[in-house]
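4 protein chains.
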Amino acid sequence: MAGNSFGTLFRFTTWGESHGPAIGVVVDGVPPRIPLAEPDIQQWLDKRRPGQSRYTTQRREADEVKILSGVFKGQTTGTPIQLLIENTDQRSRDYRNIADRFRPGHADYTYWKKYGIRDYRGGGRASARETASRVAAGAVARKVLGSGIAIRGALVQIGPHAIDRAAWDWSAVEENPFWCPDREMAARWADYLDGVRKAGSSAGAVIEVVASGVPAGLGEPVYDKLDGDLARAMMTINAVKAVEIGAGFAAVALSGEENGDEMRMRNGEVEFLSNNAGGILGGISTGQDIVVRFAVKPTSSILKPMRTVDANGNEVEIETHGRHDPCVGIRGVPVGEAMMACVLADHLLRYRALGGEV
Amino acid sequence: MAGNSFGTLFRFTTWGESHGPAIGVVVDGVPPRIPLAEPDIQQWLDKRRPGQSRYTTQRREADEVKILSGVFKGQTTGTPIQLLIENTDQRSRDYRNIADRFRPGHADYTYWKKYGIRDYRGGGRASARETASRVAAGAVARKVLGSGIAIRGALVQIGPHAIDRAAWDWSAVEENPFWCPDREMAARWADYLDGVRKAGSSAGAVIEVVASGVPAGLGEPVYDKLDGDLARAMMTINAVKAVEIGAGFAAVALSGEENGDEMRMRNGEVEFLSNNAGGILGGISTGQDIVVRFAVKPTSSILKPMRTVDANGNEVEIETHGRHDPCVGIRGVPVGEAMMACVLADHLLRYRALGGEV
Amino acid sequence: MAGNSFGTLFRFTTWGESHGPAIGVVVDGVPPRIPLAEPDIQQWLDKRRPGQSRYTTQRREADEVKILSGVFKGQTTGTPIQLLIENTDQRSRDYRNIADRFRPGHADYTYWKKYGIRDYRGGGRASARETASRVAAGAVARKVLGSGIAIRGALVQIGPHAIDRAAWDWSAVEENPFWCPDREMAARWADYLDGVRKAGSSAGAVIEVVASGVPAGLGEPVYDKLDGDLARAMMTINAVKAVEIGAGFAAVALSGEENGDEMRMRNGEVEFLSNNAGGILGGISTGQDIVVRFAVKPTSSILKPMRTVDANGNEVEIETHGRHDPCVGIRGVPVGEAMMACVLADHLLRYRALGGEV
Amino acid sequence: MAGNSFGTLFRFTTWGESHGPAIGVVVDGVPPRIPLAEPDIQQWLDKRRPGQSRYTTQRREADEVKILSGVFKGQTTGTPIQLLIENTDQRSRDYRNIADRFRPGHADYTYWKKYGIRDYRGGGRASARETASRVAAGAVARKVLGSGIAIRGALVQIGPHAIDRAAWDWSAVEENPFWCPDREMAARWADYLDGVRKAGSSAGAVIEVVASGVPAGLGEPVYDKLDGDLARAMMTINAVKAVEIGAGFAAVALSGEENGDEMRMRNGEVEFLSNNAGGILGGISTGQDIVVRFAVKPTSSILKPMRTVDANGNEVEIETHGRHDPCVGIRGVPVGEAMMACVLADHLLRYRALGGEV
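Those sequence lines, one after another, are chains Y, F, U and X.
If you're matching positions, the first sequence starts at 0 in numbering that gives the first Met the number 0 and goes up one per residue.
If you're matching positions, the second sequence starts at 0 in numbering that gives the first Met the number 0 and goes up one per residue.
If you're matching positions, the third sequence starts at 0 in numbering that gives the first Met the number 0 and goes up one per residue.
If you're matching positions, the fourth sequence starts at 0 in numbering that gives the first Met the number 0 and goes up one per residue.
Treat the hints with care, since some could be wrong.
[Unchecked claim] List of simulated lysine-lysine pairs, DSS-like, C-alpha gap at most 30 Å:
{"#": "1", "chain 1": "X", "residue 1": "Lys72", "chain 2": "Y", "residue 2": "Lys65"}
{"#": "2", "chain 1": "U", "residue 1": "Lys65", "chain 2": "F", "residue 2": "Lys72"}
{"#": "3", "chain 1": "X", "residue 1": "Lys303", "chain 2": "X", "residue 2": "Lys197"}
{"#": "4", "chain 1": "X", "residue 1": "Lys65", "chain 2": "Y", "residue 2": "Lys72"}
Simulated from the structure, these hints should not be mistaken for laboratory data.
Please model the complete structure; the sequences and the hints are all you need to start from.
Right, dumping it as structure tokens:
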């Protein structure tokens, strides 16, 4: 049912399967007179595009976006923006060995239970390909947010290997194929993932997304809290199993006095002495950086045989052949950034509705 | 703006501040002809009620619920059910020392930034008192779900002290004031929290909620995933900073073959050999137990002085006096159960809309 | 399901049956720092209150409103406002002759078909009593709109007797029990309705609601058009069977050049030379008066016997006894005004979200 | 803002301008396993297509629909269905004389006031072209409703000339270019419209849409009434200024006993002796035919000069050149049918959610 939309005022709806002719997204609720052209969107799609290193799937997609509506003479008009991405790499593939078998850990089982029908080609709507549409929507959201709000993501853990946060350097993120802010760890991940890839296995990842420049006051009580919407946003990304804000699970082991971010004045502005809150208190932004982390499980499409059943109730084995993505989490970085942008754009518009000036 | 509602078909709206005359909830979308009376709701409110042990706030509230509409001759009529709980313990209290000072880690700062006005009495809508309304809504949701679906919660960590999962015994949960399934750990927590309480400090907690008997097929792709809605549901509970499903963050360190839950047949039914998925794949229930965990930060209202600012931009200190809740997470167990019930009831109705039989 | 709410950003939810302990409404999405007290709401409820003339039902209700939440020190706080109205006139009444018989033209048949249960006491949620909650919400909406936007309603037809529009005088509206702007027609209606009342019959009415001072630019394309929302708003009022904007059905017989409202400049502002559009073009306000008319059918609860069936499938006769409302449309005037106010308040907030200044 | 979607469970979102590369619609919430192919949709688009007689615009559009997603092996999969229609007739046209002048009665003025930007080519989103997307969505809705529910529309008035309802013959509707059920009136309309066309003027129309086979019980109280949703649905169609259900405005002049539809039993089923209610009581379907009528104003794009202003505040004259549509209401018949189908499909799914069997 009608579950393919996200947002209240800034609202997008994605559509398309990985093996149909195209995928895309309608972005509704974009304010008028914002400069927007295809390269504004393409740059973020390029960042997510598969096949850019040996650590991600070798599917070759141009992921070329076309604006079909909502823009006139280089500006948004306030009407819905349809962004279309053609699927170019639908190479003929032999699905016989998986067409009626369920991959452990994959959505094909639940889709079949729910719908009684299955588009077995590449995962259908549950395919990671859907996330290209999110990235396109996120590119529009960034334009709505304007240049004062910066959103950046990084990979902070692959498999059991977490970065050293003391070594965090944002400039390192663009230098390695992992969006890793810790140069030393990036090198270790390269070795580790080569092993995973050769073994036909897969590894999970933790992604951290940070938004800077967000004014205090975004987010609605009680059920439309900013962190509630972020949690939903990230949890709906394929393969995500956990979300945390600020100190997250680690806050549990802190005392109240350690966890509360103390405040002082600096140049007439409130300054927080720490950011365990991750920039959100009571569901509303504090003005500090918004910090979200989420966990991506290891992909279920691996080259190793696993025990499963088929649609006829037979006990069988399954192993995926062909293109293989040892760490699907890597491509999750631009997706997490996009979802952050979309949540913030929606709340920015809601904030304005209340009379807030941004 | 309009952020006080939750759900699509089973939809509730809460209202009321901790120091007004009453709080309550309108539950809309309840199917007709379901037997419902006040004791069905009261039993769950009693479970959440403060002041039942020395480990929670000493506020004394009867939390007596009244059904004002939607029930006729002991049955739901299909019309909205208004549940009202009077506030009886609004004891006159001296707020002078906190009326214009912001508690570090508390929502009073962000509410003031957002609204330019502050109901400083007891936290207003950001008060944990709001969760009584959630518990009332959850009681109705349980009736919608019927007796085939069981929802149980437990505390699995307080401060740095996590339970031994091997010692998990559901029957222990009702025997101690912590909803702890590990008897040995319950005793250690008692000592630990006595220390926290005497120190005027506070501790965080991790809560786990498990739903059994949920059929496969609940949840909608892509943005209305069952885990997306659960993440939002739990993250909107006061003081929650993290949510995970199944293996959650721990899934990151597993290999693909360890993480994927293998399947066999048993008595003609699919049986999973593990439950790292937490009962959800691709946002849709698998038929296994739905397992959600969430982290509650240590409460910010503590007896220790902290550095902060006031509404006039002065650097000041603040310490809360009076009633003090050393571990607000304890009372979060029935709240987490209630939110699980509400999310499942909503998705159950959506599932039926698609033609699903339950 | 969940059908008891109205609005997107300014959103209210009504609850309660005419014979329960109380009815009420939660108004969510009200901006903070708006002065609001019970008399602001009571004045509009008093206008709608039954029993003020012999032309409306003799049910005696104080309709005294209580604010239970969302207001602190005389100002809105941005949190949901619960308004509660106790039912005081639930006089014991003999429902035996109608408890299982369906009144022709009444919702009791469809409720029974839909829900399989029927609260036969006074119409349940389908009772005109529900409209008191709308009036209360509308009173809050007026405060959101501010003093620059005026909303006034009038009755323009009872039974076959329409007013002379050339005789329209707003000052007459408050002088007669019909809200009639045509003094001469008011006198004729008095005679006509006396006849209807004595005959135990009932008459329909047409209500016109006009909003002045609405800025150009309110309303969203394509499905959230201002007139689309107004049509829904009015059509959901009990017994309403038709809605029109501006020239409405009469526009059909006009030529294109007669219907289009020509424009000139006056003091630097656009001035329209007519208002066939009723202040709305393409779903968006033009800056002219917003003009809506709606038809209220004659009430189905009459003292004359009619042929019907009962819940057991027997052919029977039915006639309503006791209190009788010869023209339920009269009390519809403040209800129509309230719905206009709520629709405009919602669109005003949405307009601000886009950056519009009001 | 985000106003381009319609429906709750069966929900569609339209996009595209008349002079962009394409228009289209995403239909979300379609149950799985419904047979669907392009011809199922094309047949209804063909019915609406312009240029089929001299009484409608001469724009030549193939209106060929492509299914881009949501269908696999000839069946719906439960995922969103993207329907795309390319714009083929974007003939180069001289807009200089209207680019900055506002047509009286046209949305170009309000769009410009709202958005501060104007896509002057052919009306942008306010163009009647948008209704092709509605027709495509309606075609899918019909498949959801199944063959037991029939939806038919007819034109019942053009300009001042209303049909003789006693002469109504559904078989006549397909025989004339007006969808007129009264053969004699169809001939008179032909003459009348020839005059209107030659004069460069335009005429309004009234459309009636009837749905048969709708079970009792569809529609939600109080704000999601079936008639409330129908009113909104029809009022959001371009140029519509009025909507009525059943007897509509005529009900006002009836007495209560004339208006109430009496009930008898026939073959064990309830039979109504009249249908003033238009098949809806209390917002819920009765099982009778659902009858909706709506008024389409004369189009504002006429060849006669009218007084207006331009974007710079100058008083000017305007007249439209080129293609001209003397009665835009004619093409509104398939659009009204489509909106009826979409409203019913949405409520059918909501009805099932409650447990209703259809």
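Cross-check of the supplied hints:
1. X:Lys72 to Y:Lys65: Holds, at about 27 Å.
2. U:Lys65 to F:Lys72: Holds - the C-alpha atoms of Lys72 (chain F) and Lys65 (chain U) are around 27 Å apart, at most 30 Å.
3. X:Lys303 to X:Lys197: holds, 11 Å
4. X:Lys65 to Y:Lys72: Given pair Lys65 (chain X), Lys72 (chain Y) holds - Cα atoms ~27 Å apart, limit 30 Å.
Of the numbered hints given earlier, the model fails none.
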